[in-house]
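> Heads up: the protein sequence lines correspond to chains A and B, in order. Using the working numbering, the first residue of the first sequence is number 1, and each one after it goes up by one. Using the working numbering, the first residue of the second sequence is number 1, and each one after it goes up by one.
Misleading hints may appear alongside valid ones.
Said to hold, decoys possible - With a Cα cut of at most 27 Å, we get these calculated DSS-like pairs of lysine-lysine:
{"#": "1", "chain 1": "B", "residue 1": "Lys49", "chain 2": "A", "residue 2": "Lys418"}
{"#": "2", "chain 1": "B", "residue 1": "Lys243", "chain 2": "B", "residue 2": "Lys266"}
{"#": "3", "chain 1": "B", "residue 1": "Lys418", "chain 2": "B", "residue 2": "Lys315"}
{"#": "4", "chain 1": "B", "residue 1": "Lys418", "chain 2": "A", "residue 2": "Lys112"}
{"#": "5", "chain 1": "B", "residue 1": "Lys418", "chain 2": "A", "residue 2": "Lys418"}
{"#": "6", "chain 1": "B", "residue 1": "Lys219", "chain 2": "B", "residue 2": "Lys243"}
{"#": "7", "chain 1": "B", "residue 1": "Lys266", "chain 2": "A", "residue 2": "Lys266"}
{"#": "8", "chain 1": "A", "residue 1": "Lys315", "chain 2": "B", "residue 2": "Lys49"}
{"#": "9", "chain 1": "A", "residue 1": "Lys219", "chain 2": "A", "residue 2": "Lys243"}
{"#": "10", "chain 1": "B", "residue 1": "Lys49", "chain 2": "A", "residue 2": "Lys49"}
{"#": "11", "chain 1": "B", "residue 1": "Lys266", "chain 2": "A", "residue 2": "Lys418"}
Stated by the list, open to error - Derived CB-CB ranges, DEER-like:
{"#": "12", "chain 1": "B", "residue 1": "Asp83", "chain 2": "A", "residue 2": "Glu199", "range": "28 to 34 Å"}
{"#": "13", "chain 1": "B", "residue 1": "Leu167", "chain 2": "A", "residue 2": "Ser64", "range": "56 to 62 Å"}
{"#": "14", "chain 1": "A", "residue 1": "Pro61", "chain 2": "B", "residue 2": "Gly77", "range": "32 to 38 Å"}
{"#": "15", "chain 1": "A", "residue 1": "Asp131", "chain 2": "B", "residue 2": "Arg151", "range": "52 to 58 Å"}
Claimed, not checked - The following residues of chain B were derived to be distant from chain A, with all beta-carbon distances above 12 Å:
{"#": "16", "residue": "Ala24"}
{"#": "17", "residue": "Ala108"}
{"#": "18", "residue": "Thr123"}
{"#": "19", "residue": "Ala194"}
It should be emphasised that the hints constitute simulated quantities derived from the structure, not laboratory data. Ideal Cβ placement from N, Cα and C applies to all residues, glycine included.
Residues per chain, in single letters:
2 protein chains.
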Amino acid sequence: MPSPQPREVIRVTYRLETSGDIAAIAAKIASDQSTGTFVDVPGETPELKARVAARVTAVRPLASVDRPSWPEACATGPVRRADVDIEFPLDAVGTDIAALTTIALGGAFSIKGLSGLRIVGLTLPAAFGRDHPGPQFGIAGSRRLTGVYDRPIIGTIVKPALGLRPLETAALVRDLVEADVDFIKDDEKLMSPAYSSLEDRVGAIMPIILDHEQKTGKKVMYAFNLTSHDPERMVRDHDIIVKAGGNAAVVAIQSIGFGGMAFLRKRSSLALHAHRAGWDVLTRHPGLGFDFAVYQQLWRLLGVDQFQINGIGVKYWEPDESFVASFEAVTTPIFSDADRVLPVAGSGQWGGQAPETYRRTGRTVDLMYLCGGGIVSHPGGPAAGVRAVRQAWEAAVADIPLAVYAETHPDLAQSIAKFGGSAKDA
Amino acid sequence: MPSPQPREVIRVTYRLETSGDIAAIAAKIASDQSTGTFVDVPGETPELKARVAARVTAVRPLASVDRPSWPEACATGPVRRADVDIEFPLDAVGTDIAALTTIALGGAFSIKGLSGLRIVGLTLPAAFGRDHPGPQFGIAGSRRLTGVYDRPIIGTIVKPALGLRPLETAALVRDLVEADVDFIKDDEKLMSPAYSSLEDRVGAIMPIILDHEQKTGKKVMYAFNLTSHDPERMVRDHDIIVKAGGNAAVVAIQSIGFGGMAFLRKRSSLALHAHRAGWDVLTRHPGLGFDFAVYQQLWRLLGVDQFQINGIGVKYWEPDESFVASFEAVTTPIFSDADRVLPVAGSGQWGGQAPETYRRTGRTVDLMYLCGGGIVSHPGGPAAGVRAVRQAWEAAVADIPLAVYAETHPDLAQSIAKFGGSAKDA
């Protein structure tokens with residue numbers, strides 16, 4: 001007789017902290033987030049509990065600490081910590097991302113008696129892979145659309161972030177396209193203000209992209225920022241981009257929400273470049289929120305193709321090891337290679353971080369390397385800036401120190417002279 | 001000559017914490033979130049800055065503290081704190097909620113050199129009122145739909161949270177309807193799993209609601225939970241509810257995101273009852289995230305009608321004073337009385353909290369009072385449970401101590417006997 005099929009479960013790992021009893025609080029989460037309420041109610045039979053109840057399947061104690069993560073808890077002794085696995089029956093949750101979030105990821109943060117809670121693991125059953133579209137382009141599609149193989153896709157951002165009118169933006173874009181960059185994006189903060197509507201921006205920029213393609217055969221990928229709280233507006237803007245011959249868009253995923261992303265993806269023929277603006281609030285305190293490895297799965301299932309994850313030596317708070325972990329997360333299959341997405345290293349980048357980026361991310365060139373000022377503020381102009389970044393990556397892949405490679409590559413040399421003060425690996 | 005029109009601005013108040021210089025970090029936020037980048041770039045003219053730059057308009061120092069809110073910061077001295085007002089030109093942002101979020105609310109959390117950041121104030125210009133639908137029903141509409149005036153709308157929740165099949169749910173609903181409750185809702189965790197699809201639930205429940213209306217003239221408001229990451233699915237489910245004669249829906253707002261809410265609201269003819277599952281992660285640590293007074297404005301503009309905000313003496317972590325502040329927030333006009341929404345007090349409620357709720361929220365009965373176990377686990381059954389809650393509110397409004405009122409109201413007396421141990425005001 002065949003053994004019974006194991007029931008399909010969603011496994012969530014919570015990093016709990018309490019001055020009370022870890023096992024009791026773990027059991028409370030499992031109960032509260034499935035069947036429980038504060039008093040016994042009619043109908044809560046053992047049979048029903050078996051059908052839908054979440055179960056604590058592992059408790060892995062961690063070292064206690066002296067201080068609670070959240071000041072609300074006046075701990076009078078050591079603060080206990082543990083990683084706790086809780087399994088939710090797939091039948092009780094289904095594969096809806098909003099259901100998953102409400103039941104297994106969000107609700108637990110309201111529970112009393114905790115002084116810290118972070119969700120550090122999420123393992124989904126295969127049904128999630130079947131029921132969600134996943135990335136439409138991902139790594140392979142981004143390479144195909146840009147025509148860049150065997151090295152990182154080199155990107156840049158139009159700066160200043162806000163304030164340029166479409167023709168001013170277009171003039172900068174012309175310089176960048178002629179500089180032979182592979183990818184250009186709107187700043188995540190530039191959406192469709194009165195002085196630069198997305199439609200006008202598309203109208204000013206796309207002819208430059210297409211003209212350059214005509215002349216050189218190279219189509220620079222331009223990601224227009226179509227972020228809006230209104231999914232229909234995003235689709236309208238999407239269609240404007242497609243009609244004008246564009247092939248990519250920026251979405252500030254936190255700001256559009258799951259609903260916006262799902263609606264857009266269903267209609268999208270653009271590579272969707274995810275910016276995480278606002279994500280830090282969910283991850284910056286290590287005793288609260290989510291590991292990126294958890295969060296990014298949801299957005300990949302919903303259809304992100306390219307994921308901004310900061311980089312080495314960024315101008316923001318995020319430490320290098322967090323970037324390295326994020327890089328691994330977005331390139332590790334959830335269910336198959338097709339759901340891997342293109343990691344985008346950005347923020348304060350110039351060629352200087354190439355060697356360390358390469359070394360610490362598994363010696364791959366499957367990434368986008370996004371330099372703002374690092375390209376446009378190069379002393380020799382943007383074209384020299386792009387060349388310098390490519391040279392830095394050539395050196396990195398060949399294990400040649402940048403300073404040595406710079407002896408025969410003046411663009412890189414100029415770049416080191418200008419930006420090297422802040423480099424970790426020049 | 002008339003004085004020039006003051007430019008319209010969005011004002012955000014950030015509660016900053018740093019071991020560095022408050023004024024410098026405030027200026028950095030203003031710069032980073034509008035025009036800035038890490039090196040000077042071509043095109044960033046003074047004229048452009050004047051057009052779109054955010055400006056620090058006030059710095060109100062707070063007492064320093066010894067410990068940083070976030071452990072990443074190894075403070076070597078007092079941690080400085082201040083409330084800082086930054087004004088963003090409306091022209092630079094527009095009225096899109098995702099733009100507002102990306103530019104003014106989300107991005108600042110990534111900035112280096114902070115050891116704490118919480119957004120504690122948001123003042124929007126009138127254009128936001130014109131460009132967003134706001135609540136369709138709010139307080140007046142919720143009263144009209146339920147036919148309840150001059151006292152709180154008494155609601156309950158079908159429990160257990162998960163696991164009941166539609167006919168099992170319907171049997172409980174029949175009891176609750178016959179108990180003369182005004183409002184019933186699905187648990188926020190029950191969406192549309194295989195064992196209880198929303199369609200089947202509507203099919204089982206609405207005939208009971210309508211039958212009761214036929215017999216008594218009273219239409220109990222049932223809020224079906226149509227939360228989904230897929231806005232079109234929500235609208236499909238919305239239409240099923242409408243077609244069956246329903247008039248309300250639960251949405252887990254954090255899980256559907258701004259996009260889901262905007263899409264649904266545009267097509268909705270139901271009262272939208274907002275559950276905040278997951279919100280706690282954004283507010284529980286006082287040195288991180290958002291005050292509810294900020295967050296709730298966005299959802300009201302997008303169209304929430306009824307807002308769950310916990311209550312007095314809840315089973316969750318949230319302290320009473322936070323509930324009181326939330327109550328004031330959702331009932332204070334943003335632009336006009338029409339954008340006020342119905343506060344929903346819930347979690348661990350029974351009649352016992354009525355006097356304190358009434359006293360601390362401006363002696364109003366314009367609220368929904370939601371009791372789960374507090375109604376269904378009443379020793380005399382749900383009908384006695386509903387009567388007991390109404391009696392508690394009668395006593396509260398008349399300033400009669402519950403214990404005194406219970407002498408002549410046996411349902412309330414039974415309620416006190418069963419639940420009074422956990423009451424703050426019985």
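> A separate judgement is required for each hint: does it hold in the structure or not?
Hint-by-hint comparison with the structure:
Of the pairs offered as hints, the one joining Lys49 (chain B) and Lys418 (chain A) holds, with about 25 Å between alpha carbons and a cut-off of 27 Å not exceeded. The hinted pair formed by Lys243 (chain B) and Lys266 (chain B) meets the criterion: a straight-line CA distance of about 17 Å does not exceed 27 Å. Pair hint Lys418 (chain B) plus Lys315 (chain B) holds up; C-alpha atoms about 16 Å apart against a cutoff of 27 Å. Between Lys418 (chain B) and Lys112 (chain A), the direct Cα distance comes to roughly 22 Å. Compliance with the 27 Å bound is thereby established for this hinted pair.
For the hint pairing Lys418 (chain B) with Lys418 (chain A), the CA-to-CA distance comes to about 74 Å; that exceeds 27 Å, so the pair is violated. Taken as a hint, the Lys219 (chain B) and Lys243 (chain B) pair is honoured in the structure, with Cα atoms around 15 Å apart against an allowance of 27 Å. Under the criterion of a C-alpha separation no larger than 27 Å, the hint pairing Lys266 (chain B) with Lys266 (chain A) is consistent with the structure, at around 19 Å. Simply put, Lys315 (chain A) and Lys49 (chain B) have alpha-carbon atoms about 22 Å apart, close enough for the 27 Å limit, and the pair holds.
For the hint linking Lys219 (chain A) to Lys243 (chain A), the alpha-carbon distance of about 15 Å falls within 27 Å, and the restraint holds. Between Lys49 (chain B) and Lys49 (chain A) the alpha-carbon distance is near 61 Å, which puts this suggested pair outside the 27 Å criterion. Of the pairs offered as hints, the one joining Lys266 (chain B) and Lys418 (chain A) is violated, with about 52 Å between alpha carbons and a cut-off of 27 Å exceeded. Judged by the Cβ atoms, the range 28 to 34 Å given for Asp83 (chain B) and Glu199 (chain A) is violated: they are separated by roughly 39 Å.
For Leu167 (chain B) and Ser64 (chain A), the hinted distance range of 56 to 62 Å is not satisfied, since their beta carbons lie about 49 Å from each other. The supplied range of 32 to 38 Å is met by Pro61 (chain A) and Gly77 (chain B), whose beta-carbon atoms lie about 35 Å from each other. Remark: the range hint 52 to 58 Å for Asp131 (chain A) to Arg151 (chain B) is contradicted by a beta-carbon distance near 45 Å. Look at Ala24 (chain B): its CB is around 15 Å from the nearest CB on chain A, clear of 12 Å, so calling it non-interface holds up.
Separation of Ala108 (chain B) from chain A is inadequate, the least Cβ-Cβ distance of about 9 Å not exceeding the 12 Å criterion. Distance check on Thr123 (chain B): its Cβ is at least 19 Å (rounded) from any Cβ of chain A, clearing the 12 Å threshold; non-interface status holds. Its beta-carbon lying about 6 Å from the closest one in chain A, Ala194 (chain B) breaks the requirement of being farther than 12 Å from that chain.
Of the hints listed earlier, those the structure fails to meet are numbers 5, 10, 11, 12, 13, 15, 17, 19, in rising order.
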